[in-house]
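Heads up: the protein sequence lines correspond to chains A and B, in order. Under the working numbering, the first residue of the first sequence is numbered 8, with each subsequent residue one higher. Under the working numbering, the first residue of the second sequence is numbered 392, with each subsequent residue one higher.
Hints in this document: simulated from the structure, not taken from any laboratory. Please note that the accuracy of each hint is not assured.
Beta-carbon label-pair distances, calculated as ranges [said to hold, decoys possible]:
| id | chain 1 | residue 1 | chain 2 | residue 2 | range |
| --- | --- | --- | --- | --- | --- |
| 1 | B | Asn645 | A | Asn22 | 55 to 61 angstroms |
| 2 | B | Glu589 | A | Glu176 | 37 to 43 angstroms |
| 3 | A | Thr138 | B | Asn496 | 40 to 46 angstroms |
| 4 | A | Ser183 | B | Asn459 | 27 to 33 angstroms |
| 5 | B | His523 | A | Gln13 | 37 to 43 angstroms |
| 6 | B | Thr416 | A | Pro24 | 51 to 57 angstroms |
| 7 | A | Asn22 | B | Glu502 | 37 to 43 angstroms |
| 8 | B | Lys448 | A | Asp155 | 30 to 36 angstroms |
| 9 | B | His523 | A | Tyr21 | 22 to 28 angstroms |
| 10 | B | Glu464 | A | Asn149 | 46 to 52 angstroms |
| 11 | B | Asn459 | A | Ser16 | 58 to 64 angstroms |
| 12 | A | Tyr19 | B | Lys572 | 34 to 40 angstroms |
Partial list, derived from the structure: chain A residues whose beta carbon lies under 10 angstroms from chain B [claimed, not checked]:
| id | residue |
| --- | --- |
| 13 | Leu212 |
| 14 | Asp241 |
| 15 | Leu276 |
| 16 | His277 |
| 17 | Leu281 |
| 18 | Pro284 |
| 19 | Leu298 |
| 20 | Lys308 |
| 21 | Ile315 |
A virtual CB, placed ideally from N, CA and C, is assigned to each residue, including glycine.
Residue-level listing of the chains:
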Amino acid sequence: MGINFQRVSYKYSYNAPLTLKEVSLDISSKDEFICILGHTGSGKSTLVQNMNALLLPTSGQITVFDKNVVKVVKHPYKLNTKKNRLKYNFIDNKKLFARGNKIVYSSNLKVLRKHIGLVFQFPEYQLFESTVLKDVMFGPKNFGLSDDEARRAAKHACNIVGLPKDVLEKSPFSLSGGQMRRVAIAGILALNPDIIVLDEPTVGLDPKGKDELMNLLVSIQKETSKTIIMITHDMNVVGKYAKRVIVMDQGNVVFDGNKRDLFEDIDRLHKFNLDLPTSSSLAVKLKERGLINYTHLPLSKEELETVILGGDIYE
Amino acid sequence: MKVRFNNVSFAYDEESVVLKNFNLTINDGEMVAILGHNGSGKSTIAKIMMGLLEVEKGEIYLNDKVLNMDTIEECRNHMSIIFQNPDNQFVGVTVKDDIAFGLENKQLPREEILNRIQKYLRLVSMEDFIDHAPEELSGGQKQRVAIAGALAMESELMIFDESTSMLDPKGTKEVNEMIKKIKNENNKTIIVITHNLEEASYADRIVVLNSGEVVTDGTPKEVFKKIEVLEASGLKTMESVSIIHNLKNKEYKNKKEIEEALWELTFNE
Numbered sequence: 008m009g010i011n012f013q014r015v016s017y018k019y020s021y022n023a024p025l026t027l028k029e030v031s032l033d034i035s036s037k038d039e040f041i042c043i044l045g046h047t048g049s050g051k052s053t054l055v056q057n058m059n060a061l062l063l064p065t066s067g068q069i070t071v072f073d074k075n076v077v078k079v080v081k082h083p084y085k086l087n088t089k090k091n092r093l094k095y096n097f098i099d100n101k102k103l104f105a106r107g108n109k110i111v112y113s114s115n116l117k118v119l120r121k122h123i124g125l126v127f128q129f130p131e132y133q134l135f136e137s138t139v140l141k142d143v144m145f146g147p148k149n150f151g152l153s154d155d156e157a158r159r160a161a162k163h164a165c166n167i168v169g170l171p172k173d174v175l176e177k178s179p180f181s182l183s184g185g186q187m188r189r190v191a192i193a194g195i196l197a198l199n200p201d202i203i204v205l206d207e208p209t210v211g212l213d214p215k216g217k218d219e220l221m222n223l224l225v226s227i228q229k230e231t232s233k234t235i236i237m238i239t240h241d242m243n244v245v246g247k248y249a250k251r252v253i254v255m256d257q258g259n260v261v262f263d264g265n266k267r268d269l270f271e272d273i274d275r276l277h278k279f280n281l282d283l284p285t286s287s288s289l290a291v292k293l294k295e296r297g298l299i300n301y302t303h304l305p306l307s308k309e310e311l312e313t314v315i316l317g318g319d320i321y322e
Numbered sequence: 392m393k394v395r396f397n398n399v400s401f402a403y404d405e406e407s408v409v410l411k412n413f414n415l416t417i418n419d420g421e422m423v424a425i426l427g428h429n430g431s432g433k434s435t436i437a438k439i440m441m442g443l444l445e446v447e448k449g450e451i452y453l454n455d456k457v458l459n460m461d462t463i464e465e466c467r468n469h470m471s472i473i474f475q476n477p478d479n480q481f482v483g484v485t486v487k488d489d490i491a492f493g494l495e496n497k498q499l500p501r502e503e504i505l506n507r508i509q510k511y512l513r514l515v516s517m518e519d520f521i522d523h524a525p526e527e528l529s530g531g532q533k534q535r536v537a538i539a540g541a542l543a544m545e546s547e548l549m550i551f552d553e554s555t556s557m558l559d560p561k562g563t564k565e566v567n568e569m570i571k572k573i574k575n576e577n578n579k580t581i582i583v584i585t586h587n588l589e590e591a592s593y594a595d596r597i598v599v600l601n602s603g604e605v606v607t608d609g610t611p612k613e614v615f616k617k618i619e620v621l622e623a624s625g626l627k628t629m630e631s632v633s634i635i636h637n638l639k640n641k642e643y644k645n646k647k648e649i650e651e652a653l654w655e656l657t658f659n660e
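Sequences and hints are given; from them, build the entire structure.
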């Protein structure tokens with residue numbers, strides 16, 4: 008099992024409303040390509056930041072690779088006293104049960120973050136080192152790899168994201184926006200996480216950069232079977248690439264399933280404040296005018312072309 | 392306002408030449424979209440026009456008046472720019488303060504400032520947010536305030552420098568509706584810098600930039616047809632046009648009607 012959420016709620020401060028409301032989710036450790044949708048403020052970013060314990064749940068249980076993220080109570084019987092310090096840990100299920108959920112000693116969130124690599128929105132703004140290679144090496148070194156090992160991991164990651172060798176010794180700030188974003192993604196890949204989570208990875212990229220990045224993610228997934236989770240607002244990306252779609256609305260998961268089921272129910276889609284992919288919306292209008300016919304709604308340009316040529320889409 | 396670039400060249404350093412002998416004329420009252428991939432030099436044009444960067448070679452004319460470091464103060468009175476990041480251009484504590492900032496700098500009378508704030512906030516449908524702080528606004532709302540601020544300066548030229556690229560679909564829609572409205576209601580010259588073809592589709596003219604040179608220039612329909620040129624410039628044509636192109640040599644039912652419908656939908660989405 009990869010990531011499991013059991014009735015997870017989260018709020019940013021004591022008086023704030025709940026940003027996540029009893030969310031339950033099950034995400035496999037392999038072969039998933041999940042798009043998380045929802046309008047601004049629906050809780051998407053909060054959800055993914057809970058996945059690698061950057062934020063910790065207000066209530067509920069998160070389990071990552073069979074280990075629980077638990078609130079550690081030093082004095083479990085004096086919960087309401089000010090002296091009581093709360094800490095969070097990432098521990099083995101077995102150990103948790105063995106200790107009866109009372110006292111756990113070491114903080115271990117770093118292990119969790121090695122499982123789950125999170126690429127933030129506009130990650131190119133987080134580059135800071137003097138050369139590309141050093142920037143990508145920063146993560147692995149932080150996780151205790153030696154210089155040589157970190158360099159090897161970094162070079163491998165740069166290779167995967169398609170950065171040419173001559174770029175590695177350049178300053179990351181001399182690169183174009185698209186390339187800087189690749190450097191940032193390489194920084195996460197160098198940690199070799201089991202699950203890669205990306206917060207709006209294509210936003211701000213030009214069409215070519217967007218295609219290249221999406222193809223890169225698809226090929227990483229094909230080669231390594233890693234689960235990829237991405238937040239996106241781009242319905243064309245969802246229509247073409249997603250295998251599973253999760254829709255957030257006001258802190259709730261309101262849809263979790265197949266993209267075709269999501270897009271074919273247009274009334275519900277509008278209720279979620281989402282749009283159709285461009286090709287689907289063209290298809291709907293062509294069908295309204297009686298020019299084409301289909302049983303399954305085309306979700307990408309390729310599918311619409313098939314339908315126009317008189318074919319049908321098979322699942 | 393008429394804008395003319397005459398053989399303009401610019402480079403950040405010797406290795407990276409951004410603009411090479413760039414020529415472009417934008418007529419008074421025209422809306423021109425400058426399209427190009429990330430790093431094509433399109434934002435450099437906006438920075439040069441605002442005097443944030445200085446050209447190496449060539450001249451820029453605003454209504455036949457040359458733009459240089461001596462005239463820039465005067466020229467800035469005639470143009471406004473809306474940048475990419477809504478957070479970077481919000482200077483006031485409230486919406487009202489933010490719009491007043493530019494007007495106070497112009498030393499307008501207090502009455503006039505208040506009138507303009509009211510008028511232009513109404514135009515961008517933000518009049519109910521006049522006393523709100525920036526953190527209470529969404530990205531799209533902040534950009535609309537920036538647009539109101541630019542309009543309040545009553546400049547003849549408005550430049551939108553990728554002003555939707557950091558917004559969600561709702562914010563993007565809001566800003567685009569606003570640009571369309573300004574285009575239709577005010578006799579302003581508008582330059583939209585973008586890599587999004589949909590945003591360029593309602594311009595009078597599209598100019599495509601690649602490696603600092605103009606590779607094509609024409610009406611949206613003319614430019615959308617140039618699929619190879621767009622792709623070589625790191626862009627993609629509209630999906631509807633791409634479908635027409637891909638199926639050009641194939642036979643299918645209702646071909647003529649489907650092609651016509653797709654063209655129509657390209658501009659009326």
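Against the structure, the hints:
A beta carbon spacing of about 60 angstroms between Asn645/B and Asn22/A agrees with the range 55 to 61 angstroms that was offered as a hint. Between Glu589/B and Glu176/A, the C-beta spacing of about 39 angstroms keeps the proposed range 37 to 43 angstroms intact. As the Cβ distance of Thr138/A to Asn496/B is approximately 42 angstroms, the hint placing it in 40 to 46 angstroms holds. Hint check: Ser183/A to Asn459/B, Cβ distance near 29 angstroms, so the stated range 27 to 33 angstroms holds.
Between His523/B and Gln13/A the Cβ separation comes to about 38 angstroms, which falls inside the hinted range of 37 to 43 angstroms. A hinted range of 51 to 57 angstroms for the beta carbons of Thr416/B and Pro24/A is consistent with their spacing of about 54 angstroms. Remark: the range hint 37 to 43 angstroms for Asn22/A to Glu502/B is upheld by a beta-carbon distance near 41 angstroms. Between Lys448/B and Asp155/A the CB atoms are about 49 angstroms apart, so this pair departs from the stated range of 30 to 36 angstroms.
In this structure the supplied range 22 to 28 angstroms holds for His523/B paired with Tyr21/A, their Cβ-Cβ distance being about 24 angstroms. Checked against the given bound of 46 to 52 angstroms, the beta carbons of Glu464/B and Asn149/A, roughly 49 angstroms apart, stay inside it. With their beta carbons about 60 angstroms apart, Asn459/B and Ser16/A fall inside the hinted range of 58 to 64 angstroms. Taking the beta carbon of each, Tyr19/A and Lys572/B are about 36 angstroms apart, inside 34 to 40 angstroms as hinted.
The beta carbon of Leu212/A comes within 7 angstroms of a beta carbon in chain B, closer than 10 angstroms, and the hint placing it at the interface holds. Because the smallest distance between the Cβ of Asp241/A and any Cβ of chain B comes to about 8 angstroms, under 10 angstroms, the interface hint for this residue holds. Residue-level restraint check for Leu276/A is violated (minimum Cβ-Cβ distance to chain B is 13 angstroms; threshold 10 angstroms). Given hint, His277/A at the interface with chain B, is violated; its Cβ is 13 angstroms from that chain's nearest Cβ, farther than 10 angstroms.
With a cut of 10 angstroms, the hint placing Leu281/A at the interface with chain B holds, because the nearest CB-to-CB distance is about 9 angstroms. Checking Pro284/A against chain B by beta carbon gives a least distance of about 9 angstroms; that is within 10 angstroms, so the hint holds. Using the Cβ-Cβ criterion of 10 angstroms, the hint placing Leu298/A at the interface with chain B is satisfied: the shortest such distance is roughly 5 angstroms. At its closest, the beta carbon of Lys308/A sits 5 angstroms from a beta carbon of chain B; the interface hint therefore holds under the 10 angstroms criterion.
Look at Ile315/A: its Cβ gets to within about 6 angstroms of chain B, closer than 10 angstroms, so that hint holds up.
In summary, the numbered hints that this structure violates are 8, 15, 16.
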